[in-house]
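Visitor: Sequence:
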Amino acid sequence: MKTISSEELNSDKHSLIEAAIAATDTAYVPYSGYHVGSAVLTRSGSVFAASNVENVAYGPTICGERMAIGKANASGARDIVAIAISSRSDKFEKTEIACGPCGSCRQVIYEMAQVSGCDIEVIGSTIDKSHIAVSTIEQLLPLRKKTYASVDLMSSEELNSDQHSLIEAAIAATDTAYNPYSGYHVGAAVLTRSGSVFAASNVENAAYGSTICAEQMAIGKANASGARDIVAIAISSRSDDHEKNEITADPCGTCRQAIYEMAQVSGCNIEVIMSDRNKHNIVIKSIEQLLPYAFGPSQLHIDVVKGNL
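Here the numbering used here is used: the first residue of the sequence shown is 1, the next is one more, and so on.
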């Protein structure tokens with residue numbers, strides 16, 4: 001994200017940040033005390049602002065960015081060109097650095113970018129506008145486009161034994177996917193420092209939002225066994241539409257957020273190994289490369305390592 005001063009903003013972007021800052025006052029945050037305001041700008045110049053809404057069952061919490069996009073969509077506006085985010089906390093005095101949206105919000109912003117045909121500009125700002133950072137959604141969620149012209153592809157011969165075994169476990173896990181709606185089988189396998197491997201697949205639901213991705217299932221399986229010292233995760237996929245089987249799988253924004261959280265627990269920049277089913281196209285990146293400027297425990301001033309097993 002590029003840091004700029006408020007003087008460098010045009011009037012539209014200045015107003016957008018102001019709308020996001022104002023929206024922090026409407027946040028419903030009885031559990032975290034962390035207020036997030038967001039505002040989206042459409043091609044026609046319309047602005048839609050909203051804030052985060054928490055829930056005692058933390059999972060149903062809706063971030064400010066998704067609330068703002070939902071508000072725009074409810075008004076029939078999907079031609080989004082920019083989104084601004086700001087935050088403040090009841091629990092600590094000041095947010096010094098503007099942070100990027102979480103992985104789940106990046107996924108939703110990316111979806112809207114496909115609808116609008118625009119690489120949506122993402123603007124983060126502190127409440128006092130002392131730090132403003134600007135990026136685009138494709139920079140914040142790299143490799144979501146299924147083109148790898150600028151990516152160094154690896155062959156299976158270049159993998160070490162652990163990487164090879166992990167991909168094989170992920171590929172095998174695709175056979176257990178429950179996917180009656182998409183026909184898209186995803187397998188994931190995580191590797192711990194001790195060498196243990198935990199593999200799982202995606203589990204879909206008729207209420208699409210309740211679907212659980214393979215990456216989250218594999219992390220959950222490891223966690224259920226008391227293993228949080230994850231050092232690598234492999235992902236593979238196949239489709240009932242066989243023409244799509246040469247596509248290299250990459251984690252969605254929500255899964256990147258889950259992997260990033262575990263990276264904070266394990267103290268390791270987790271290696272993410274992405275492969276097509278036939279291991280013809282393999283990409284290896286770290287989670288920090290796949291989720292740059294991530295939102296994590298440090299933004300909430302929480303030390304997750306202290307609570308580790």
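Since the hints were derived computationally from the structure, they do not count as laboratory data. We put the CB at the ideal spot given by N, CA and C, even for glycine. Keep in mind that a hint or two might mislead.
[What the hints assert, rightly or not] Calculated cross-link-like contacts (lysine-lysine; reagent style DSBU-like; alpha-carbon spacing at most 30 angstroms):
no.	residue 1	residue 2
1	K91	K71
2	K221	K279
3	K13	K71
4	K2	K91
5	K2	K13
6	K279	K2
7	K2	K71
8	K91	K129
9	K129	K2
10	K285	K221
11	K129	K13
12	K91	K13
[To be verified] Cβ-Cβ distance ranges computed for the label pairs, FRET-style:
no.	residue 1	residue 2	range
13	S5	Q139	35 to 43 angstroms
14	K129	Y31	46 to 54 angstroms
15	P292	Q114	27 to 35 angstroms
16	Y31	E93	29 to 37 angstroms
17	D119	S11	19 to 27 angstroms
18	N10	N205	41 to 49 angstroms
19	S15	N223	38 to 46 angstroms
20	S165	K71	41 to 49 angstroms
21	T26	S161	52 to 60 angstroms
22	D79	D25	26 to 34 angstroms
23	S5	E158	18 to 26 angstroms
24	Q139	G45	20 to 28 angstroms
25	D175	A57	28 to 36 angstroms
Visitor: Against each hint, give a clear statement of whether it holds in the structure.
Guide: Status of the hints after comparison with the structure:
no.: 1; hint: K91 - K71; in the structure: 28 angstroms, holds
no.: 2; hint: K221 - K279; in the structure: 25 angstroms, holds
no.: 3; hint: K13 - K71; in the structure: 19 angstroms, holds
no.: 4; hint: K2 - K91; in the structure: 28 angstroms, holds
no.: 5; hint: K2 - K13; in the structure: 15 angstroms, holds
no.: 6; hint: K279 - K2; in the structure: 36 angstroms, violated
no.: 7; hint: K2 - K71; in the structure: 28 angstroms, holds
no.: 8; hint: K91 - K129; in the structure: 20 angstroms, holds
no.: 9; hint: K129 - K2; in the structure: 14 angstroms, holds
no.: 10; hint: K285 - K221; in the structure: 23 angstroms, holds
no.: 11; hint: K129 - K13; in the structure: 12 angstroms, holds
no.: 12; hint: K91 - K13; in the structure: 29 angstroms, holds
no.: 13; hint: S5 - Q139: 35 to 43 angstroms; in the structure: 20 angstroms, violated
no.: 14; hint: K129 - Y31: 46 to 54 angstroms; in the structure: 27 angstroms, violated
no.: 15; hint: P292 - Q114: 27 to 35 angstroms; in the structure: 20 angstroms, violated
no.: 16; hint: Y31 - E93: 29 to 37 angstroms; in the structure: 20 angstroms, violated
no.: 17; hint: D119 - S11: 19 to 27 angstroms; in the structure: 21 angstroms, holds
no.: 18; hint: N10 - N205: 41 to 49 angstroms; in the structure: 43 angstroms, holds
no.: 19; hint: S15 - N223: 38 to 46 angstroms; in the structure: 44 angstroms, holds
no.: 20; hint: S165 - K71: 41 to 49 angstroms; in the structure: 47 angstroms, holds
no.: 21; hint: T26 - S161: 52 to 60 angstroms; in the structure: 53 angstroms, holds
no.: 22; hint: D79 - D25: 26 to 34 angstroms; in the structure: 27 angstroms, holds
no.: 23; hint: S5 - E158: 18 to 26 angstroms; in the structure: 45 angstroms, violated
no.: 24; hint: Q139 - G45: 20 to 28 angstroms; in the structure: 24 angstroms, holds
no.: 25; hint: D175 - A57: 28 to 36 angstroms; in the structure: 32 angstroms, holds
Against the hints set out earlier in the document, violations occur for numbers 6, 13, 14, 15, 16 and 23.
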